[in-house]
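> Generate the whole structure from the sequences, applying the supplied hints.
Quick note, the sequences are listed as chains A and B, same order. Counting in our numbering, the first sequence runs from 30 upward without gaps. Counting in our numbering, the second sequence runs from 355 upward without gaps.
Rather than coming from a laboratory, the hints here were simulated on the basis of the structure. Check before you lean on any hint, since a few could be wrong.
Said to hold, decoys possible - Distance ranges between label pairs, derived from CB positions: (1) B:G507 with A:P83: 33 to 43 Å; (2) A:P83 with B:S460: 41 to 51 Å; (3) A:T73 with B:G638: 46 to 56 Å.
Stated by the list, open to error - In silico EDC-like pairs for lysine to aspartate or glutamate, Cα to Cα no more than 16 Å straight-line: (4) B:K451 with B:D643; (5) B:K751 with A:D68; (6) B:K751 with A:E58.
Stated by the list, open to error - Chain B regions said to be covered by chain A (calculated; three or more residues, Cβ under 8 Å): (7) 508-515; (8) 683-691.
Predicted model, so just to flag it, every value in this text is computed and none were measured. Where a beta carbon is used, it is the ideal one built from N, C-alpha and C, also for glycine.
Residue-level listing of the chains:
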Amino acid sequence: MRVVVDLNRCQGYAQCAFLAPDVFAMHGEEALLYDAEPDDARRTDVLRAVAACPVRAITVEGAGGRWTADRVGASNGA
Amino acid sequence: MALDGSLERLRREGHIVVVGASLAGLRAAETLREEGFTGTLTMIGDEPYEPYDRPPLSKQVLLGLVPVDQTALPRRRAIDARWRLGVAATALDMAAKRVALADDTSVEYDRLLIATGVRSRPWPNELEAGLDGVFVLRTTDDAARLVHRLRAGPRRVLVIGAGFTGSEIASVCRERELPVTVAERGPAPLVGALGGVIGEVAAELQHQHGVDLRCGVMVTGLDGDGAGRLRRAHFSDGDTLDVEVAVVALGATRNTEWLAGSGLAAGPRGIACDAGCRAFDVRGIVCDDVFVAGDVARSPHPLFGYQFLSLEHWGNAVAQAEVAAHNMISPGERRRPHLWTPYFWSAQFGVNIKSVGVPNMADQILVSQGSLSEHRFTAAYGYQGRVIAAVTFDQAKWLEFYQRQIERAAPFPLPFTTVDRRTEGMRPVPAGFPDPSVPSHGPEVTVSGHSPTDQRVTFTPA
Ligand SMILES: Cc1cc2nc3c(=O)[nH]c(=O)nc-3n(C[C@H](O)[C@H](O)[C@H](O)COP(=O)(O)OP(=O)(O)OC[C@H]3O[C@@H](n4cnc5c(N)ncnc54)[C@H](O)[C@@H]3O)c2cc1C
Ligand code: SF4
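The structure is reproduced here in structure tokens:
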């Protein structure tokens, strides 16, 4: 699955790092580093983190990879 | 909604072409669909990858915590686009409304969004730039090459330029326990973006983490061995240093060459557009069917005297893309201005650095909370008696407050006492920005006057 955090919004509250420690980790006191394409097995944890983030900074791609058909592969107009 | 017939048709069955398939391009495409565009959407990108995120490249990717090819951006929704990846746009014919591509095909558009971003400024000496061991960091391919080399454990890494990217790279090297030298021709790291007062803190951080930091010097040459591998660097103070890896972090240059001769106001400083993201042509007249967003744009900002700003900021690319997309398919009275207050973050040496506003316009700075020596503080920037920016080191939670002060043009220094104010924050001091005509490294914000066609300022690295 795919994850991006809007780090302008993130205030380093670390809720995500508690709920999905394999995916989100604090680096120092306040800087957040994260795995942008965690294993699908982490989905439940990640969705919990999304819901818990007090500033709604975390975006994940729609549940179940609904939009994979739209991903490239079908590139180059061909 | 009362739409005239042609706009209705555009929304229903028009053709929108996006050149530059990265952050701004993708978020614009999603917004177009979100807002009901059902016509044909073509995404043209010269990189062979679908849109991916760049900030991790100099952080978790370079640290080896995340694989290089795994920063693809999550999609907010399906965009049902025709993708033309791995093909560059090579020319724009505005009269024919056509974009020419590198594979000798072309695509016609009803509306065009240009989001071609920037690229790293290469090392100016081409022979030296070609040495094995000399890198830049902008793309996932750059990151792959650099990570591979850092993993091999080079005896010393040289980072040329101590802007945000260079400083983050140096930080990663230290975390990997690699010896690293940073050469910066300005008086301190980050000085172009945050000024001399904060630059000193950045220098302290680097020293504390064992970086061999050399300010006020330039790298004058890079030597290779017989096999074309980088071996040595020469400095303007006469010193030489054995290095196996050099990362050139001298800022970025706009991807606008393909627009030469098109009649758009496009040049090395970006493409000028109005607050509604419509591109200016060279006469200073806005085009109704060509829009611009992201790092490649230069747009006037009402909070900063309507000066044109070029922002190499993730958040700006997203916000501007959303406004541009909305305006591309909306009638005049429903169009929105791009009024985003600049926001930026950087993670280095374990510190979360964030800023809001435009620090490098400031003349004064005041440490309003915390302490510089503890490397945890909030500092406000003032320009002619107004708050125009703030920066935090590990105090991100205060930034929103300063955003509001900037947006309401609050007086500087702030007329109230903030919590945790120390003696060093009792009065403003000069912010210490270097003379902009003597650039140190590419500042991530460029303030460039009032004219859409102003291309006077030139910059020659090293
Ligand atoms: C290493 C690194 C770290 C960063 N860290 C931060 C950070 O911590 N905080 C922050 O706020 N910002 C950061 N940024 C900046 C942020 O990534 C950019 O602001 C953002 O990527 C801008 O998006 P964009 O879509 O406008 O441009 P880009 O991401 O530059 O995308 C432009 C795309 O257009 C393509 N293109 C160019 N010319 C053509 C052509 N003629 N035809 C077709 N395609 C073309 C390019 O190859 C590229 O894929 C960082 C950037 C880098 C490189
Ligand atoms: S929960 Fe949200 S604010 Fe807190 S660290 Fe995670 S992303 Fe940042």
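> Give a verdict on every hint.
Against the structure, the hints:
1. For B:G507 paired with A:P83, a C-beta distance near 41 Å keeps the hint of 33 to 43 Å intact.
2. With their beta carbons about 49 Å apart, A:P83 and B:S460 fall inside the hinted range of 41 to 51 Å.
3. In this structure the supplied range 46 to 56 Å holds for A:T73 paired with B:G638, their Cβ-Cβ distance being about 55 Å.
4. Between B:K451 and B:D643, the direct Cα distance comes to roughly 9 Å. Compliance with the 16 Å bound is thereby established for this hinted pair.
5. About 31 Å separates the Cα atoms of B:K751 and A:D68, which puts this hinted pair outside 16 Å; it is violated.
6. The hinted pair formed by B:K751 and A:E58 meets the criterion: a straight-line CA distance of about 13 Å does not exceed 16 Å.
7. Counting residues of the stretch 508-515 of chain B whose beta-carbon sits less than 8 Å from any beta-carbon of chain A gives 0, not enough to reach three: the coverage restraint is violated.
8. Using a Cβ-Cβ cut-off of 8 Å, 0 residues of the stretch 683-691 of chain B lie near chain A, which falls short of the minimum of three, so the contact claim is violated.
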